[in-house]
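A.B. asks: If you want the building blocks of each chain, they are given just below.
There are 2 protein chains.
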Amino acid sequence: VSGGTVVVVGAGSWGTTVAAMLAAKAPTMLWARSPQLASALNRTGENRRYLPGVSLPPTLRAMSSLPDAVSDAEVVLVAVPSHGFRAVLEEMAPGLRDGAAVVSLAKGIEAGTNLRMSELITEVLPDHPAGVLSGPNLAHEVAAGQPAASLVAFSDERLARRVQQMLHCSTFRVYTGTDVVGCEIAGASKNVMAIAVGISDGLGFGENTRAVLVTRGLAEQARLGVALGGRPLTFGGLAGVGDLVATCTSPQSRNRTVGLELGRGRRLDEVLVSMVMVAEGVRTAGPLVDLARCHDVEMPIAQQVAALISGKTSSADAVAALMERPSRPEWDDALIRAMPQ
Amino acid sequence: VSGGTVVVVGAGSWGTTVAAMLAAKAPTMLWARSPQLASALNRTGENRRYLPGVSLPPTLRAMSSLPDAVSDAEVVLVAVPSHGFRAVLEEMAPGLRDGAAVVSLAKGIEAGTNLRMSELITEVLPDHPAGVLSGPNLAHEVAAGQPAASLVAFSDERLARRVQQMLHCSTFRVYTGTDVVGCEIAGASKNVMAIAVGISDGLGFGENTRAVLVTRGLAEQARLGVALGGRPLTFGGLAGVGDLVATCTSPQSRNRTVGLELGRGRRLDEVLVSMVMVAEGVRTAGPLVDLARCHDVEMPIAQQVAALISGKTSSADAVAALMERPSRPEWDDALIRAMPQ
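From first to last, the protein sequence lines stand for chains G and L. 1 is the number of the first residue of the first sequence in my numbering; add one for each residue after it. 342 is the number of the first residue of the second sequence in my numbering; add one for each residue after it.
Treat the hints with care, as some may be off.
[What the hints assert, rightly or not] Here are some chain G residues the structure puts well away from chain L; computed CB gaps all over 12 Å:
(1) S34
(2) G45
(3) P57
(4) A111
(5) E157
(6) A211
(7) R216
(8) A239
[As the list claims (entries may be wrong)] With a straight-line cut-off of 25 Å between C-alpha atoms, the simulated SDA-like cross-links for lysine to any residue are:
(9) L:K366 / G:L272
(10) G:K25 / G:R48
(11) L:K366 / G:L322
(12) G:K312 / L:T512
(13) L:K366 / G:G12
(14) G:K312 / L:M664
(15) G:K312 / G:L322
(16) G:K25 / G:G12
(17) G:K312 / G:E270
(18) G:K25 / G:H83
(19) G:K312 / G:L203
(20) L:K366 / G:E324
(21) L:K653 / G:S314
(22) G:K25 / L:L663
(23) G:K25 / L:S511
(24) L:K366 / L:E464
(25) G:K25 / L:R595
(26) G:K25 / G:A87
(27) L:K366 / L:H424
(28) G:K25 / L:P670
(29) L:K366 / L:H481
(30) L:K366 / G:R48
(31) L:K653 / G:K25
(32) L:K366 / G:A320
(33) L:K653 / L:P670
(34) G:K312 / G:P329
(35) L:K653 / L:R595
(36) L:K653 / L:P641
(37) G:K25 / L:M664
(38) G:K25 / L:A662
Simulated from the structure, these hints should not be mistaken for laboratory data. Quantities reported herein were computed from a predicted structural model and do not represent experimental measurements. The beta-carbon is built from N, C-alpha and C at its ideal position, and this holds for glycine as well.
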């Protein structure tokens with residue numbers, strides 16, 4: 001399919017930001033579940049709920065009927081949280097043109113099935129190529145035009161280059177890749193690592209401890225990604241270390257904030273009620289550890305986060321458990337063997 | 342050589358911290374250039390100049406004669422800045438026992454020769470095995486007993502394990518490796534990247550921009566390291582991404598502080614006079630870019646930092662030059678081909 005429009009599904013802060021960037025280059029449709037939000041957005045040129053203060057280009061139009069919104073799409077970018085992802089794909093299916101590409105902007109794993117978002121796309125929309133856009137992209141900073149970059153991956157690199165063309169601009173650099181699996185595992189697991197870093201910060205530890213958690217967390221992410229067929233280099237790139245660093249060091253990160261409050265001794269249920277938006281890592285920790293167990297991959301940091309979230313350990317015990325592991329070489333043989341991939 | 346003592350050469354904040362950790366397990370000698378500092382340290386059990394407020398164990402003794410200090414050493418850890426490294430090696434040479442291992446704790450490249458510290462060790466002390474200890478180790482946090490970790494690398498892994506045994510404790514995890522080259526290139530170049538991140542912060546950019554600089558900076562570091570014979574995985578580990586993250590996000594980092602002030606528009610000479618301790622990245626940027634040029638390695642971020650330090654560009658122009666590069670795949674073929682190593 002070519003010559004169609006580009007459609008963003010989901011009018012949260014990131015979906016709206018991406019739609020605004022696309023609209024600066026070509027007419028773009030944004031789907032919002034709420035008809036009120038869609039019409040307010042068309043009327044005011046602003047998404048006051050999720051991206052207040054940012055003027056949206058007039059070439060961006062919003063709509064609340066999903067099959068209608070995607071009907072002319074060459075590329076659909078899906079920016080809804082992982083727990084609503086499957087339902088949205090099912091809802092858009094009747095409206096999609098043959099061969100339209102579908103790109104996940106979500107970072108999570110489906111609870112119950114442990115499926116990645118591109119796997120959901122392939123399951124629900126088997127005739128549509130599935131890709132992913134992922135990187136260190138705090139929506140408000142990108143919307144403000146600060147320099148940023150991201151990775152778009154499709155197994156067919158030509159599709160990645162097509163999305164790159166649509167998005168790339170002077171403040172948002174888009175790189176291409178073909179490692180969809182690695183990109184998605186990196187995106188889903190970084191939220192869990194950000195909770196671990198938040199816990200360490202909440203316990204009063206400093207930069208060294210944080211750097212160790214980031215580094216060893218990255219090693220865990222890469223182990224799982226490689227076990228599932230991803231490539232090690234992806235974890236050294238924007239969707240890997242880039243996104244991990246942004247999420248683990250940003251005061252704006254919801255996942256880090258959850259960890260921070262847990263580290264300070266608050267209860268998870270108290271922390272969650274005070275948050276407007278989703279902290280994906282809370283939902284992803286369990287499925288991630290489950291997925292790792294199924295593939296015999298050791299993820300000690302993710303395991304401690306999952307145990308903490310399910311009430312089986314305390315913050316202090318979780319950190320102690322990590323530090324008391326026996327000393328060893330930095331990289332295990334399984335990952336070293338995987339390097340030629 | 343076995344059964345000897347361990348000696349730390351250099352009583353700055355990091356040398357003193359490492360010596361204190363070693364002394365908690367076995368008697369340790371610390372060499373301080375200043376006889377006054379050595380005797381004050383022995384008298385008060387504190388290094389008031391470089392590590393004030395930290396009580397040193399009584400098993401730590403200081404001395405100011407270098408050949409005498411190293412005379413019984415099985416392992417010598419050298420914690421002096423890169424520009425003084427060669428002179429210290431020459432000064433200790435007459436005192437060293439046959440076969441004593443020498444470990445670099447410095448992070449830099451010698452100006453003029455572009456040699457790494459382990460190359461200096463091999464040049465000045467050809468009969469002594471050369472290793473490196475490197476990781477995200479802000480001295481004050483390690484000295485305060487916060488959880489931290491580091492990598493020790495020797496081409497002979499048994500030596501790495503020997504140093505690991507000497508240092509590893511419940512708050513300081515030591516991993517072993519054999520990639521001395523990768524470890525040193527990572528350590529030297531991260532200071533230059535930290536200057537770049539500081540510039541971005543000083544210009545008012547946020548977490549995304551920082552994450553991009555960290556990620557693409559890491560890619561540059563890895564390209565150079567691999568071109569010199571290092572291994573890609575090292576750059577994903579504690580001495581690579583770990584140390585880079587700590588240095589680029591810490592308010593305590595001297596290199597990041599230099600960049601921050603440059604980004605805010607101050608002149609380099611003004612910034613440097615206000616600093617007590619060395620910002621290695623200022624010295625390393627030139628030799629690093631030179632080394633990269635000799636090996637045909639593209640290091641756009643390091644090049645902009647070097648140009649800024651030598652007065653050839655401005656902070657804003659440096660950032661613009663980086664964002665205006667053409668779009669491309671995330672990883673170039675040279676690094677992908679190098680992955681089987």
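A.B. asks: Next, verify each hint and record whether it holds.
C.D. replies: Status of the hints after comparison with the structure:
Separation of G:S34 from chain L is adequate, the least Cβ-Cβ distance of about 28 Å exceeding the 12 Å criterion. Listed as outside the interface, G:G45 is consistent with that label: its C-beta sits roughly 24 Å from the nearest C-beta of chain L, beyond the 12 Å cut-off. Against the 12 Å criterion, G:P57 stays outside the reach of chain L, whose nearest CB is about 21 Å from its own CB. Its beta-carbon lying about 28 Å from the closest one in chain L, G:A111 satisfies the requirement of being farther than 12 Å from that chain.
Its beta-carbon lying about 8 Å from the closest one in chain L, G:E157 breaks the requirement of being farther than 12 Å from that chain. Chain L draws G:A211 into its interface by the beta-carbon criterion, the shortest separation being 3 Å against a cut-off of 12 Å. At roughly 8 Å from the closest C-beta of chain L, the C-beta of G:R216 falls inside 12 Å, breaking its exclusion from the interface. With 12 Å as the threshold on Cβ separation, the claim that G:A239 sits away from chain L is violated: the shortest Cβ distance comes to roughly 9 Å.
For a cut-off of 25 Å, the pair hint linking L:K366 to G:L272 is broken: about 44 Å separates their Cα positions. Under the criterion of a C-alpha separation no larger than 25 Å, the hint pairing G:K25 with G:R48 is consistent with the structure, at around 23 Å. For the given pair, L:K366 sits about 22 Å from G:L322 by alpha-carbon distance, which is consistent with the 25 Å threshold. At most 25 Å may separate the alpha-carbon atoms for a hinted pair to count; G:K312 and L:T512 meet this at roughly 24 Å.
Between L:K366 and G:G12, the direct Cα distance comes to roughly 55 Å. Violation of the 25 Å bound is thereby established for this hinted pair. With a C-alpha separation of about 46 Å, the suggested pairing of G:K312 with L:M664 is violated against the 25 Å cut-off. Taking the CA atoms of G:K312 and G:L322, the gap is about 15 Å. The hint holds against a cut of 25 Å. For a cut-off of 25 Å, the pair hint linking G:K25 to G:G12 stands: about 21 Å separates their Cα positions.
Taken as a hint, the G:K312 and G:E270 pair is honoured in the structure, with Cα atoms around 17 Å apart against an allowance of 25 Å. For the proposed pair G:K25 and G:H83, the alpha carbon gap of about 31 Å is over 25 Å, so the pair is violated. The hinted pair formed by G:K312 and G:L203 meets the criterion: a straight-line CA distance of about 18 Å does not exceed 25 Å. Restraint check: the Cα-Cα separation between L:K366 and G:E324 comes to about 17 Å, which is no more than 25 Å; the hinted pair holds.
Restraint check for L:K653 and G:S314: not satisfied, since their Cα atoms lie roughly 53 Å apart, outside the 25 Å limit. Taking the CA atoms of G:K25 and L:L663, the gap is near 22 Å; set against the 25 Å cutoff, the hint holds. Under the criterion of a C-alpha separation no larger than 25 Å, the hint pairing G:K25 with L:S511 is inconsistent with the structure, at around 55 Å. As the CA atoms of L:K366 and L:E464 are separated by approximately 32 Å, the hinted pair breaks the 25 Å bound.
Between G:K25 and L:R595 the CA atoms are separated by roughly 42 Å; this puts the pair beyond 25 Å, and the hint is violated. Between G:K25 and G:A87 the alpha-carbon distance is near 30 Å, which puts this suggested pair outside the 25 Å criterion. About 31 Å separates the Cα atoms of L:K366 and L:H424, which puts this hinted pair outside 25 Å; it is violated. The suggested pairing of G:K25 with L:P670 holds, with an alpha-carbon distance near 21 Å, which does not exceed 25 Å.
Between L:K366 and L:H481, the direct Cα distance comes to roughly 20 Å. Compliance with the 25 Å bound is thereby established for this hinted pair. Simply put, L:K366 and G:R48 have alpha-carbon atoms about 60 Å apart, too far for the 25 Å limit, and the pair is violated. Taken as a hint, the L:K653 and G:K25 pair is broken in the structure, with Cα atoms around 35 Å apart against an allowance of 25 Å. The straight-line distance between the Cα atoms of L:K366 and G:A320 is roughly 21 Å, inside the 25 Å bound, and the hint therefore holds.
Note on L:K653 and L:P670: the hinted pairing is violated, with a Cα-Cα distance of about 29 Å set against a maximum of 25 Å. A hinted pair counts as satisfied when its Cα atoms are at most 25 Å apart, and G:K312 with G:P329 does not qualify at roughly 29 Å. Using a Cα cut-off of 25 Å, the hinted pair L:K653 and L:R595 holds, with the two alpha carbons roughly 22 Å apart. Proximity of L:K653 to L:P641 is assessed by CA-CA distance (about 14 Å); at most 25 Å being required, the pair is judged to hold.
The suggested pairing of G:K25 with L:M664 holds, with an alpha-carbon distance near 18 Å, which does not exceed 25 Å. About 22 Å separates the Cα atoms of G:K25 and L:A662, which keeps this hinted pair within 25 Å; it holds.
This entry does not satisfy hints 5, 6, 7, 8, 9, 13, 14, 18, 21, 23, 24, 25, 26, 27, 30, 31, 33 and 34, going by the numbered hints stated previously.
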